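**Student:** Sequences listed follow chains W and P, in order. Mapping the first sequence onto the working numbering, position 23 (from 1) lands on 23, and the numbers just tick up by one. Mapping the second sequence onto the working numbering, position 108 (from 1) lands on 108, and the numbers just tick up by one.
Mixed in with the good hints, there may be bad ones.
Among the chain P residues that face chain W by a calculated CB cut under 10 Å, a handful are [to be verified]:
{"no.": "1", "residue": "ALA7"}
{"no.": "2", "residue": "LEU10"}
{"no.": "3", "residue": "ILE15"}
{"no.": "4", "residue": "LEU47"}
{"no.": "5", "residue": "LEU64"}
{"no.": "6", "residue": "VAL86"}
{"no.": "7", "residue": "VAL88"}
{"no.": "8", "residue": "VAL103"}
Where chain P lies over chain W, by a calculated footprint (3+ residues, C-beta under 8 Å) [what the hints assert, rightly or not]:
{"no.": "9", "segment": "30-44"}
{"no.": "10", "segment": "93-102"}
If you are wondering where the hints come from, they were derived from the structure by calculation, not from laboratory data. In this text the structure is predicted, and so the values were computed from the model without any measurement. Where a beta carbon is used, it is the ideal one built from N, C-alpha and C, also for glycine.
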Amino acid sequence: MDFVILSLVMLAIGIYGLLTNRQLLKVFISVELIATAATLNFVMLAAGQGFGQAFLILAFSTDTAVSGVILALLVIVSKKYGTSDIGKIIQMLQDKGESEDEVQ
Amino acid sequence: MIFEILAVGLIISAILALFLDEVVYSVAALAGTFFFVAFIYVLNGALYAAIFQFAVGVGTLSILFLSGEMLGDKPVRKTSPKRTGVLVGIGMVLSLPAIFLSVSGSTTTTSDISIADALWNVRGLDVILQAIVILTVALGIGIVLYEKRKGGQ
């Protein structure tokens, strides 16, 4: 049983989800999985010693703050465009840009 | 044996969290991921890490549940049991390398630093600065959402 490979597999799943999912909330879940993979590595390599747990607490606190920012942006973007699909949002932005070009 | 079961559960729940169509079910699967990680920490003697993982995970998940309910687009089709079974199978296959392969040697180092020493004596300044940053971020998010709500009205 190797926790380095376990965290690598989790990292790979997170990156794959980050690249393939189009829903904003799923992208956020991918980021959470990547952060969990990193912290799993920290703690398991330190094998229960103080340093690994201290690093986990610091890293996870930062991750939580980042999560708050991402969720606030997600709420604002979803309310503004009426959808949480990245493809649709990009399409709307492109359409908006084209219509502004035509006006000019 | 229990670590292998936890590894399989961890990978399966991570895959379900990403690829289930319903957002609320995805968040429930993410809760499973956090639970398995916390359980692995407990079994390795990292009790503080497990408690922190569990507490922060629950906090994040409650917000995610709310966001998922508020913002989640209703999927065109629900996830079929067949697709769920395929996802579970993929998860089991992906967890095999972690069970049977090994890259790390016996490089475990020992140190007498406890978690309290590590947090307050070695990284004390980091902890205080990080607390200030997190409080600032929380205040900023509150202000942004308040302004957004006021602007919407």
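**Student:** None of the hints should be skipped; say for each whether it holds.
**Tutor:** Tested hints:
1. Residue-level restraint check for ALA7/P holds (minimum Cβ-Cβ distance to chain W is 5 Å; threshold 10 Å).
2. Satisfaction of the interface hint for LEU10/P is found here, the shortest Cβ-Cβ separation to chain W being roughly 7 Å, below the 10 Å cut-off.
3. Hint on ILE15/P holds. Least Cβ distance to chain W is approximately 6 Å, under the 10 Å limit.
4. Nearest Cβ of chain W to the Cβ of LEU47/P: about 8 Å, under the 10 Å cut. The hint holds.
5. With its C-beta approaching chain W no nearer than about 7 Å, LEU64/P sits inside the 10 Å limit, and its interface hint holds.
6. The restraint placing VAL86/P at the interface with chain W is violated, with a minimum CB-CB distance near 15 Å, outside the 10 Å limit.
7. A cut of 10 Å between beta carbons decides the hint on VAL88/P: the least distance to chain W is about 14 Å, and the hint is violated.
8. Among the interface hints, the one on VAL103/P holds; its C-beta lies about 6 Å from the nearest C-beta in chain W, closer than the 10 Å criterion.
9. With 8 residues carrying a beta carbon less than 8 Å from a beta carbon of chain P, the segment 30-44 of chain W meets the three-residue requirement, and the given coverage holds.
10. With a cut-off of 8 Å between beta carbons, the segment 93-102 of chain W has 0 residues touching chain P; three or more are needed, and the interface restraint is violated.
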